[in-house]
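Protein chains in written order, with my numbering: chain A, 1 to 329; chain B, 1 to 318; chain C, 1 to 252.
There may be inaccurate statements among the hints.
[Claimed, not checked] Taking beta-carbon pairs under 7 Å as the criterion, some of the chain A residues facing chain B (in silico):
no. : residue
1   : 127
2   : 130
3   : 131
4   : 145
5   : 156
6   : 287
7   : 292
8   : 296
9   : 299
10  : 303
11  : 305
12  : 309
[To be verified] Which bits of chain C does chain A cover? Going by a derived footprint, with three or more residues having C-beta under 8 Å, they are:
no. : segment
13  : 47-56
14  : 71-78
Honestly, the hints are just simulated from the structure, not real lab data.
Glycine residues also receive a C-beta, built at the ideal position from the N, C-alpha and C atoms.
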Amino acid sequence: MTKGWLIAIALLLTGIVASLFVGAIDLDMNSFSRSGEGLNLLVVSRIPRTLAVLLTGASLAVAGVIMQMIVANRFVEPMTAGAGSTAALGVLLISFLLPGASIFIKMACACVTSLLGTMVFLAMVRRLPPHQPLLVPLVGIAYGGVVSALVTFIAFQADLLQYLETWFLGEFSGILQGRYELLWLAGVLMLLAYVIADQFAILGLGQSVSVNLGLNYHQIVRLGLVIVSLISAVTVVTVGIIPFVGLVVPNIVSRWLGDNLRRTLPVTAMMGGGLVLLSDLVGRLVRHPFEIPAATIFGVLGALLFLWLLYFPPKSKGVACLRDKERAR
Amino acid sequence: MIARRLALLLCLYGLFSVAFLTVNARGNWDFVLWFRGTKLLGISLVAVAIAVATVLFQTLTHNRILTPSLMGFDALYALLQTVLVFTLGGFGFSQLSAQTSFFSSFTIMMVASLLLFGSLLGKSVDGRREDIHRLLLTGIIFGVLFRSFSSFLQRLIDPNDFVVAATSAMASFNSINADLLLVSSLMIAAALVATWRMRFDLDVMALGRDAAVNLGVHYKRQVYAMLVIIAALVSVSTALVGPVAFFGLLVSNLTYQLLPTHRHAILLPAASLLSACVLIGGQVVLEQVLNLSTPLSVIVEFLGGLTFLILILKGRNR
Amino acid sequence: MINIQSVSHSIQGQTILSDISLSLPKGKLSALIGPNGAGKSTLLSLIARLHALQHGVITVDGLDVSKTPSRTLARKLAILSQSNTLASRLTVRDLVSFGRFPHHNGRPGAEDKNKVDEAIAALGLGEIAHRFLDEISGGQRQKAFVAMAYAQDTDYLLLDEPLNNLDMKSARALMQTLHELSEQSGKTIVVVLHEINYAALYADWIVGLRDGKLIANGPTHDILTSETIETIFDFEAEIHQIGDQKLVMHYR
């Protein structure tokens with residue numbers, strides 16, 4: 001375990017360092033000695049960007065786990081199940097009604113619509129028969145599709161269509177100091193989720209187990225919904241929609257380490273941050289000096305990872321043996 | 001009752017077609033009729049292609065909420081087009097005639113879908129139980145993978161070529177690719193003939209593999225035949241208008257409700273007519289009556305998704 | 001003591017329980033019996049506040065279940081529900097550890113760890129404690145859930161058809177464990193049972209329900225008569241006496 005951790009942390013650190021030094025403008029030791037130009041670039045652009053990537057990836061992964069615990073289903077994630085598209089709807093509505101709105105107003109609006117949108121999704125899921133888990137992701141996709149169609153419709157009528165992609169395709173090239181700080185809110189929400197990780201894990205065991213253990217079920221569900229929709233709204237407003245992080249990462253971690261969130265949530269956050277960072281790096285490098293959006297790269301990367309997971313699941317026996325050995329030590 | 005409803009659908013189709021051709025038409029009638037006529041033909045072809053492909057797919061998977069596009073079929077076609085541009089370059093691609101590019105995409109599409117979906121559905125072909133849950137997820141993920149990969153390739157392509165490759169992510173019934181009409185008509189005709197000839201087998205196959213094998217259907221061969229037909233139909237509709245996610249679902253489920261029968265000899269024409277009515281009627285209302293600038297596909301997606309949700313929540317598919 | 005006073009319950013206009021009043025003795029093993037749809041599970045869920053009470057009052061050790069804070073009740077009574085399918089992937093030990101949550105609120109101490117070990121040992125799960133729940137058999141999973149309820153270490157333990165999925169040996173072992181728990185640790189245990197002879201052999205007290213009505217309520221020995229069995233289940237069965245043990249011959 002400890003060895004695995006060391007490797008993971010080393011990889012993440014390498015990624016972070018790489019992220020600081022890769023970009024349209026070359027950054028090397030020379031530029032530091034010259035008049036602090038390099039330092040400036042680092043502080044204004046590269047550090048904020050790297051932080052934004054990490055915060056986004058980690059918080060989306062955590063939001064994914066919480067969503068999955070709330071609906072007790074492995075195959076949903078906020079971005080495809082309506083939270084992302086309803087947040088986009090909120091941004092679009094406010095830009096339409098109040099063109100000069102500040103980013104905070106947009107953000108507030110996105111939070112409200114995202115919360116409402118997630119609540120509607122949950123209300124629908126509650127009406128599904130519990131023995132057909134495959135309906136849940138389907139409903140999520142259909143619901144996301146309906147909301148997206150609505151978004152497109154409004155954009156068409158308001159002549160905002162050309163902005164849709166620039167606003168909502170998740171990418172980090174526009175991140176500068178002063179333009180990402182909202183994401184720290186997502187970081188705070190993540191910490192909050194960790195503090196009560198046990199209660200979210202119990203949610204995943206279902207309502208009767210939760211009530212039996214004295215959990216205030218509805219209160220925790222509401223809290224979870226707020227966390228999920230705030231994280232969705234914050235990321236949609238600042239970087240756009242990055243689908244799939246909340247689906248792929250929790251599933252990988254769950255297959256690997258299980259769902260005892262107290263233990264796994266840090267791993268989920270790290271892996272989310274790491275994979276999005278990798279996507280962003282690849283996006284910056286493939287066609288240097290042009291950039292490919294991280295959401296696009298993650299779509300490919302995440303889908304492949306997920307397929308691999310679905311068809312070549314890690315041998316559980318092997319994992320069990322490994323743990324046996326560890327326990328023997 | 002069934003014959004009456006079919007007749008009603010046929011009348012509606014005629015009515016909408018006339019409306020489509022004539023409402024608000026001004027100027028040179030020859031031109032208007034020819035112009036709108038090609039469009040009408042294109043939309044009808046697409047309508048039939050989507051309806052038949054969806055019903056076939058649902059019979060194939062014994063499930064009324066799956067559609068080819070939910071499983072990533074049309075995303076695969078769009079990806080193949082992009083790959084063509086990517087490998088040939090924008091210039092090379094524009095040298096290809098529309099037919100050549102269509103046919104090369106279609107051929108690869110057929111092979112790819114047989115490989116991908118054939119092996120996915122193959123388990124049920126061999127009689128092992130396939131986990132429908134996993135199948136669906138796989139399809140959805142394929143969709144994401146294909147779409148992301150084509151937008152990735154599109155960004156790698158030279159910006160000038162990019163314009164050529166930009167098979168728009170949104171379906172448009174307005175800008176139907178007229179060069180492909182003849183080819184598409186022939187192809188759909190062939191697919192329909194093939195489908196029609198296996199209509200009785202389809203009725204049996206809808207009962208499930210074991211029942212079908214028991215009743216003497218050559219199950220494996222029919223499954224592959226159906227996959228080829230579906231690949232052809234999806235290629236045609238995607239080439240003509242672009243991807244439409246929920247339309248097939250809307251049409252097939254409306255058909256099942258309108259005509260409560262298991263007989264494909266009725267279901268297939270009914271779904272085709274209904275689909276054409278919705279598209280043509282919708283286009284007339286949207287363009288000529290409401291004068292909205294939003295493309296029909298967006299509205300259809302909205303309504304299709306909504307229908308889907310209502311169907312599931314009312315528990316029609318349990 | 002569990003006290004149930006004039007409890008009625010209906011779901012979507014359909015009466016599930018009508019005017020049930022009874023007390024279940026403290027420190028004893030009570031069995032709830034009756035045909036399908038008699039309202040056994042609903043009654044159990046109402047005692048465990050899984051459903052909100054519509055009419056009547058239920059108290060556990062004097063605590064009104066509809067007024068007492070949920071967390072307090074979680075340290076007083078544990079329920080094992082019938083369907084235990086999980087979307088989460090947890091190891092047996094993880095699951096059992098969650099039984100300690102009402103006591104430590106997320107910060108487990110040494111005592112919690114001991115209790116978990118004890119529960120795992122009591123149900124004989126030591127060998128598979130580190131396995132994931134989706135890798136073990138249905139019977140083992142059922143035992144893991146029982147162990148979770150055990151670890152919750154409450155004075156009252158309610159189990160809804162705990163013998164489902166268990167083979168004969170495991171079912172017998174579980175009933176013996178429950179019996180010991182009431183006998184030696186003085187816990188009050190209420191079990192919904194389908195096989196009446198488990199009730200005959202292990203229960204101190206039997207409650208018989210039919211169509212939402214209370215048919216029988218009393219010490220096991222008094223309830224096991226052909227007449228009472230017939231009014232509860234609607235079939236004739238002979239009662240045999242083997243030593244001082246009564247058995248219901250209902251197999252043919």
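So, going through the hints one by one against the coordinates:
1. The interface hint given for residue 127 of chain A is met, as the beta carbon of that residue sits about 5 Å from the closest beta carbon of chain B, less than 7 Å.
2. At about 12 Å, the closest approach between the beta carbon of residue 130 of chain A and any beta carbon in chain B exceeds 7 Å, and the interface hint on this residue is violated.
3. About 9 Å separates the beta-carbon of residue 131 of chain A from the nearest beta-carbon of chain B, more than 7 Å, and the hint is not met.
4. The interface hint given for residue 145 of chain A is met, as the beta carbon of that residue sits about 4 Å from the closest beta carbon of chain B, less than 7 Å.
5. Interface hint at residue 156 of chain A: satisfied, since its Cβ lies 4 Å from the closest Cβ of chain B, which is below the 7 Å cut-off.
6. Given the 7 Å rule on beta carbons, the hint for residue 287 of chain A holds: about 6 Å separates it from the nearest Cβ of chain B.
7. Given the 7 Å rule on beta carbons, the hint for residue 292 of chain A holds: about 5 Å separates it from the nearest Cβ of chain B.
8. At about 5 Å, the closest approach between the beta carbon of residue 296 of chain A and any beta carbon in chain B falls short of 7 Å, and the interface hint on this residue holds.
9. Evaluation of the residue 299 of chain A hint against chain B yields a held restraint, the C-beta minimum of about 3 Å falling below 7 Å.
10. Hint status for residue 303 of chain A: holds, given a least beta-carbon distance of 4 Å to chain B, under 7 Å.
11. Taking 7 Å as the C-beta cut-off, the interface hint given for residue 305 of chain A is violated, the closest approach to chain B being about 10 Å.
12. Checking residue 309 of chain A against chain B by beta carbon gives a least distance of about 10 Å; that is not within 7 Å, so the hint is violated.
13. With 3 residues bearing a CB less than 8 Å from a CB of chain A, the segment 47-56 of chain C meets the requirement of three and the coverage assertion stands.
14. Residues of the segment 71-78 of chain C with a Cβ under 8 Å from some Cβ of chain A number 6, which satisfies the need for three, so the listed coverage holds.
Consistency with the previously given hints fails for numbers 2, 3, 11, 12, ordered from lowest to highest.
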